[in-house]
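Asker: Chain residues, written in single-letter form:
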Amino acid sequence: MQRYIIRRLLLAIPVVWLVVTMVFFVSHVRPSRAEQLAATCQLSKDICARNKAAIQKQLGEDKPLIVQYVRYVGNLLIGDLGKSLTAPYNPVRTELGNRAGPSIELGLLQIILATIIAIPVGVMAAVRQDSWVDYVLRILSIGLLAIPTFFLAPLLLLFTIKVFNWTPQLNQTAYRSLFQNPGRNLSIMLLPTLAGAFASSAAIMRLLRSQMLEVTRQDFVRTATAKGLRQSVVVMRHTLKNAMIPVITIIGLLTAGLIGGNVVLESIFNIPGIGLYLVTELQLNDLPVVLGVVVAVAVVIVLTNILVDVAYAWFDPRIRYS
Amino acid sequence: MANANTSVSADTVAALAEPEERFTPKRFKAARDFFAHKPLGVFGLAIIVVLGLFALFGQYIAPYGPETRFSIAPQATAPAGNTNVDDVSCNTPDCTAKAHGSAALDFSNRGPSSAHWFGTDEGARDTFTRVIRGARRSLGVGLGSLLIGTFMGVVLGGLSAYVGGKFDTATQRVMDALQAFPPLLFLLLLTAVGQPSITIITIGIGIVATPQISRIARSTVLQVRALPFVEAAQVIGAPDRRILVSHILPNIWAPVIVIFTIGVGAGILAEAALSFLGVAPVGVSWGFMTFKGTQFIKQAPGEAIFAGAAISLAVLGFNIVGDALRDVLDPRLRAR
Chain A
0 MQRYIIRRLL LAIPVVWLVV TMVFFVSHVR PSRAEQLAAT CQLSKDICAR
50 NKAAIQKQLG EDKPLIVQYV RYVGNLLIGD LGKSLTAPYN PVRTELGNRA
100 GPSIELGLLQ IILATIIAIP VGVMAAVRQD SWVDYVLRIL SIGLLAIPTF
150 FLAPLLLLFT IKVFNWTPQL NQTAYRSLFQ NPGRNLSIML LPTLAGAFAS
200 SAAIMRLLRS QMLEVTRQDF VRTATAKGLR QSVVVMRHTL KNAMIPVITI
250 IGLLTAGLIG GNVVLESIFN IPGIGLYLVT ELQLNDLPVV LGVVVAVAVV
300 IVLTNILVDV AYAWFDPRIR YS
Chain B
0 MANANTSVSA DTVAALAEPE ERFTPKRFKA ARDFFAHKPL GVFGLAIIVV
50 LGLFALFGQY IAPYGPETRF SIAPQATAPA GNTNVDDVSC NTPDCTAKAH
100 GSAALDFSNR GPSSAHWFGT DEGARDTFTR VIRGARRSLG VGLGSLLIGT
150 FMGVVLGGLS AYVGGKFDTA TQRVMDALQA FPPLLFLLLL TAVGQPSITI
200 ITIGIGIVAT PQISRIARST VLQVRALPFV EAAQVIGAPD RRILVSHILP
250 NIWAPVIVIF TIGVGAGILA EAALSFLGVA PVGVSWGFMT FKGTQFIKQA
300 PGEAIFAGAA ISLAVLGFNI VGDALRDVLD PRLRAR
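Residue numbers (numbering that gives the first Met the number 0), protein chains in the order written: chain A, 0 to 321; chain B, 0 to 335.
Everything labelled a hint here was simulated from the structure, so no lab data went into it. Heads up, a few of these hints could be off.
What the hints assert, rightly or not - Some residues of chain A that are not near chain B, with every Cβ distance over 10 Å (derived): (1) I5; (2) A38; (3) Q41; (4) A52; (5) G73; (6) A99; (7) T114; (8) V162; (9) Q179; (10) L193; (11) F219; (12) G227; (13) Q230; (14) K240.
Claimed, not checked - Stretch by stretch, here's where chain B covers chain A in the computed footprint (C-beta under 8 Å, at least three residues): (15) 13-23; (16) 75-88; (17) 136-150.
Unchecked claim - Footprint (simulated), chain A over chain B, 3 or more residues, beta carbon under 8 Å: (18) 256-265; (19) 269-280; (20) 313-326.
Where is the CB? At the ideal position from N, CA and C, for every residue including glycine.
With the rest of the complex left out, here is chain A (with noise of 0.2 Å):
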């Protein structure tokens, strides 16, 4: 097991080193930060030039773009992922680090709520074979799968307003932590919780229900059934348990996918994570920031996925790493 963990992070090198490659090469394809500024200088020839100069100097743009390169991956070996350009010039580590806390709250609100809402309707479904309430879970689900979230966030927010008349504070300096104000975090995280959860929740049901008629076809349930356990003790303790190896996969992976992924809901409900940093910055044509959020939340999916395949193992003795 030991030998499996090191090899899989030892396999995770090189693609991590890929991601940040191509990012950097891909990114640098655009003009620099100082060619920018120089195209848009009112002043005279002579000292326009004098500017871009002191300005790629400043940012080791004046360096051919094989030595910028080495010099960010050695940064990035620090674990210093470059300083905003935009003001107040944070470095990227301290803003993300800042920022982590509403996408990973919200991340985790969607995913909790996903699953609580797929594990009795995925079992309803598979229990209730080819009934009508089979045939209209399945359709709900795959109607949830098509709505995009930015749909059906505006839908819960119109909703909200006609039923309730009511709406979160949807302004930027709204926002507070769930330590400072409980109550206000989480009026403002339920609609984009909402949101995000239904997709995720449809993904996980279809899943469970598929892995759960697999496993009751198998010999120990209909064992189980023939020494006369009732109906639900071989549903929950034969069949959902072990449906449920492969639905933890899928919970994990979407888990990385929505902390990186909320990006739409955090830029709709203006919750300031990491989603909102990128697509603020992204406007304000500030590169070391999204360089630096998009190697960061690759690494973290990278890990995410050796950390589901190692708890496959943890749940499930049967399969054996060598």
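Given chain A, work out where chain B should sit, using these hints.
Answerer: The following block gives chain B in isolation, referenced to the frame of chain A:
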């Protein structure tokens, strides 16, 4: 007794019919299964066909021009005072604010009416027209990106399975790296590079779709390559190219076409998300309409609802056709 008799005769009929079945080509059988046993899939196909017609012939179907701005002269409402302005419609595309000058009454953010089935947007343009005309961009980017992604995925996945060795390992690591990005993050990064155009977005979504398709192509080729007829072809000295093209390729298209169909839905979603975030080029686009409509959702929810519903319907159509195709074409993959 009577029961037994009928069942025997039914069996006989089936047995008699069998030789004929054997000559029906496989793909026609799949098509027949699809239409006979998959009502939901047929429904999805109908959605795709209608949206496809909108995308191809939108300019002839839509009642107005996509940029036509509507207004009515102030005197039209003046006499009655409370006249329902929605009844006073502009029936010609020329009937614009310009014709009536700046004093014309604003026709923006109206609810549905007989002249404007889906209402109008904040620029007083007909939402029904814009929903129809938006189909071209969504379907175009969705289909185009998945064609690119499928081509790259099949070539890379197929080659890496067939060639194996170092090439296989290298390709797989690159695919791992691509899959480490959440798709939207990767696309945002791409659009940040230079001027985002429809072409860049289409290629970007194609790249995002590649890893999954290459995985499926790779595993299918590995299975097919182990089958006796490939070995037989190798024994009689067939060149690699012929084995790949005429023996392996025809046997992997079933899973590929399923993942392609479902992928188109995901591609449409990705394009809509980019348009919603405002990083795609401007134009008549469902995602951007949803974004604009959301700004006015309290006063005029029509635009957001109809544009969002159009996205959802398109994605739903491709998803359920993909599901039905999977059941029909490739029972091994069936999500029971």
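Asker: It remains to establish, for every hint, whether it holds in the given structure.
Answerer: Status of the hints after comparison with the structure:
no.	hint	in the structure
1	I5	holds (18 Å)
2	A38	holds (14 Å)
3	Q41	holds (23 Å)
4	A52	holds (24 Å)
5	G73	holds (20 Å)
6	A99	holds (15 Å)
7	T114	holds (19 Å)
8	V162	holds (13 Å)
9	Q179	holds (28 Å)
10	L193	holds (16 Å)
11	F219	holds (19 Å)
12	G227	holds (27 Å)
13	Q230	holds (20 Å)
14	K240	holds (19 Å)
15	13-23	holds (count 7)
16	75-88	violated (count 0)
17	136-150	holds (count 9)
18	256-265	violated (count 1)
19	269-280	holds (count 5)
20	313-326	holds (count 5)
Checked against the numbered hints above, the structure breaks hints 16 and 18 and satisfies the rest.
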